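Start from the sequences, fold in the hints, and give me the full structure.
Taken in order, these protein sequences are the chains called A and B.
Sequential numbering of the first sequence, starting at 1, is according to the working numbering.
Sequential numbering of the second sequence, starting at 1, is according to the working numbering.
Take the hints with a grain of salt, since some may be wrong.
[Said to hold, decoys possible] Restraint ranges, calculated between C-beta atoms of paired labels, are given here: (1) A:Val58 x B:Asp313: 32 to 40 Å; (2) B:Asp173 x A:Leu9: 54 to 62 Å; (3) A:Val58 x B:Glu69: 36 to 44 Å.
Source of the hints: derived by calculation from the structure; they are not laboratory data.
Here the structure is a predicted model, which means the values were calculated and not measured.
For glycine and all other residues, C-beta sits at the position ideal for the given N, C-alpha and C.
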Amino acid sequence: MLTALGGSLIIAFVAGGLTLGLRSLGGLLTPPRTTAPERVPFLGGLGPETHAWSRFHVRYYAMALLFLAFDMEMVFMYPWAVVFLREGMKAMVEMLMFIVILTLGILYAWRERALRWA
Amino acid sequence: MGLGQRPGILKRLAAMAPVRVFAISGSESAEIETLLQDPELEQEIVLTDSPRSANVLLAMGEFPGSMQESARRIHDQLSRPRRTLWLRQNVSAPSEAIFPKAIREDTHCDLALLLRKIHRDLLTGVEPSEEPILPDEEPALWRGVGPYGQGGTGMTGGVPYGRPMAETAPDRDGLALDQLSVRVGPFFRPFPSGLTLALKLQGDVIQEAAVAENPFDAQKSNPYFESGDSFIRALSEPVPVVEMEMARARHHLHWLCNALQVHGLGALGLRTRAIARSLRPGVVAPIAQLRRILRYSRSVSLVGAGVGVIQPDKIRDRGLGPVARAAGLREDLRMTDPAYQELGFEPVVHAENDVRSRLWQRLDEAMQSVTLAARSGNATSGGGGRVEGPRGVITLDGNSLPLLLGLLPDLLYGLEWGDAVATVVSLDLDLRDVRSQRVS
Numbered sequence: 001m002l003t004a005l006g007g008s009l010i011i012a013f014v015a016g017g018l019t020l021g022l023r024s025l026g027g028l029l030t031p032p033r034t035t036a037p038e039r040v041p042f043l044g045g046l047g048p049e050t051h052a053w054s055r056f057h058v059r060y061y062a063m064a065l066l067f068l069a070f071d072m073e074m075v076f077m078y079p080w081a082v083v084f085l086r087e088g089m090k091a092m093v094e095m096l097m098f099i100v101i102l103t104l105g106i107l108y109a110w111r112e113r114a115l116r117w118a
Numbered sequence: 001m002g003l004g005q006r007p008g009i010l011k012r013l014a015a016m017a018p019v020r021v022f023a024i025s026g027s028e029s030a031e032i033e034t035l036l037q038d039p040e041l042e043q044e045i046v047l048t049d050s051p052r053s054a055n056v057l058l059a060m061g062e063f064p065g066s067m068q069e070s071a072r073r074i075h076d077q078l079s080r081p082r083r084t085l086w087l088r089q090n091v092s093a094p095s096e097a098i099f100p101k102a103i104r105e106d107t108h109c110d111l112a113l114l115l116r117k118i119h120r121d122l123l124t125g126v127e128p129s130e131e132p133i134l135p136d137e138e139p140a141l142w143r144g145v146g147p148y149g150q151g152g153t154g155m156t157g158g159v160p161y162g163r164p165m166a167e168t169a170p171d172r173d174g175l176a177l178d179q180l181s182v183r184v185g186p187f188f189r190p191f192p193s194g195l196t197l198a199l200k201l202q203g204d205v206i207q208e209a210a211v212a213e214n215p216f217d218a219q220k221s222n223p224y225f226e227s228g229d230s231f232i233r234a235l236s237e238p239v240p241v242v243e244m245e246m247a248r249a250r251h252h253l254h255w256l257c258n259a260l261q262v263h264g265l266g267a268l269g270l271r272t273r274a275i276a277r278s279l280r281p282g283v284v285a286p287i288a289q290l291r292r293i294l295r296y297s298r299s300v301s302l303v304g305a306g307v308g309v310i311q312p313d314k315i316r317d318r319g320l321g322p323v324a325r326a327a328g329l330r331e332d333l334r335m336t337d338p339a340y341q342e343l344g345f346e347p348v349v350h351a352e353n354d355v356r357s358r359l360w361q362r363l364d365e366a367m368q369s370v371t372l373a374a375r376s377g378n379a380t381s382g383g384g385g386r387v388e389g390p391r392g393v394i395t396l397d398g399n400s401l402p403l404l405l406g407l408l409p410d411l412l413y414g415l416e417w418g419d420a421v422a423t424v425v426s427l428d429l430d431l432r433d434v435r436s437q438r439v440s
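Here it is as structure tokens:
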């Protein structure tokens, strides 16, 4: 008779064993150690001059902010969905008005090129 | 693997896969590159964009001194197991040990069969993989200030692999952000062979571009004069108009094939190449159908619109052929040629002057050339020392290739990387074309 603890331990050992086995298999299948020129990234034949570690402008942050705003719109829709069937058309119209107001905001942002990051 | 010992099932299956080939070309390779247009190769061979995805390196022609180190580096960047096939017009010419273990063949080989055999022998273990050519040395050790290499200034502490960190520079918004210095080339697949761009990138936007010296400029011999090129012969003797126009149409279609592959439309590119192979004078329908497909393709209609615009004043009267005509300049030597005047020739001109416009320009010129070829009969043209080639005016002296290369820094400034590649491809550059185009 297998207890919950016994079942968990079996799963843990099988998962751990599988992981170690796959890692070892990867090590067996790996090609021989590569040389420094083999590891150089392909740039058409020349080597890199600087490190690729660099910071660049995250221009799509405006999209992330808009996503957050509309995510909050979705949060308002969850409790509405619970009472929607009971309230009927009145709830439908109210939510539509809410969505239309927010859509106008999106259209304004689109026109003002807030969605362009290139 | 010993004699009579059959390779395992996995190796045999691997050997049946399409051969993944990375191709690089140097000078004296024009004739060799025509071998790549063999339709049988399309079934057997996959030409990759990166050596990492390939097992066979196909080197074509001769490599000037400045490109040899890059060629060796490309060899080492191929995935193991790897093998090199070096096609040269003169197999026994001294090679300066660029590829010590390469299989050397001349241009009369059956390329598909040879590549298939090399691939099979490599993957079944009959032939060993080639060892790296360059020495296993890091550019510099990761050293800091301490006795164990630790410490030092900056984010990393020390100088990782001898390479400095990215410098900072103002970007479009005035922020001081990191700027990567990158040199791309000379064997970058979308670019013409030999073209090296020194770029400063912020993200994928080019803030500065410089063109390195043309490695083929120092070549003593000009192989194009030895070739049977119709336009070169037309410099000194009359050549049938039908021959020149069909060569012009094929040139434009081969350019289009390459351009479509760069834009990710590989199947359309192969279709274009098939059309070029079966081109007949007067048979415009396949090109017209291709034009309709491209016209309705959203990929093509969006790519290159408003990108790579050249000021017409900078290229006026420079004999730049399709590039000038795509900018609205009505320049074509054929307008003053009596043979073409009798045919009622009028140059095709587009006004948008961007990457897309140059694509339509060459496609329309290909259609026009096929039509002219059918109507030309026995007409001949040439022998006057100047001829309108597919890339522009050709003469025996002068060279406007430096003009186009000189335009690149301003043209690429501010472009995203994809747009920059499309712009370079749209100019139809060939750095080996040391035969000339006239600079007026």
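A quick look at each hint next to the structure:
no.: 1; hint: A:Val58 x B:Asp313: 32 to 40 Å; in the structure: 39 Å, holds
no.: 2; hint: B:Asp173 x A:Leu9: 54 to 62 Å; in the structure: 57 Å, holds
no.: 3; hint: A:Val58 x B:Glu69: 36 to 44 Å; in the structure: 37 Å, holds
Hint compliance for this structure: every hint is met.
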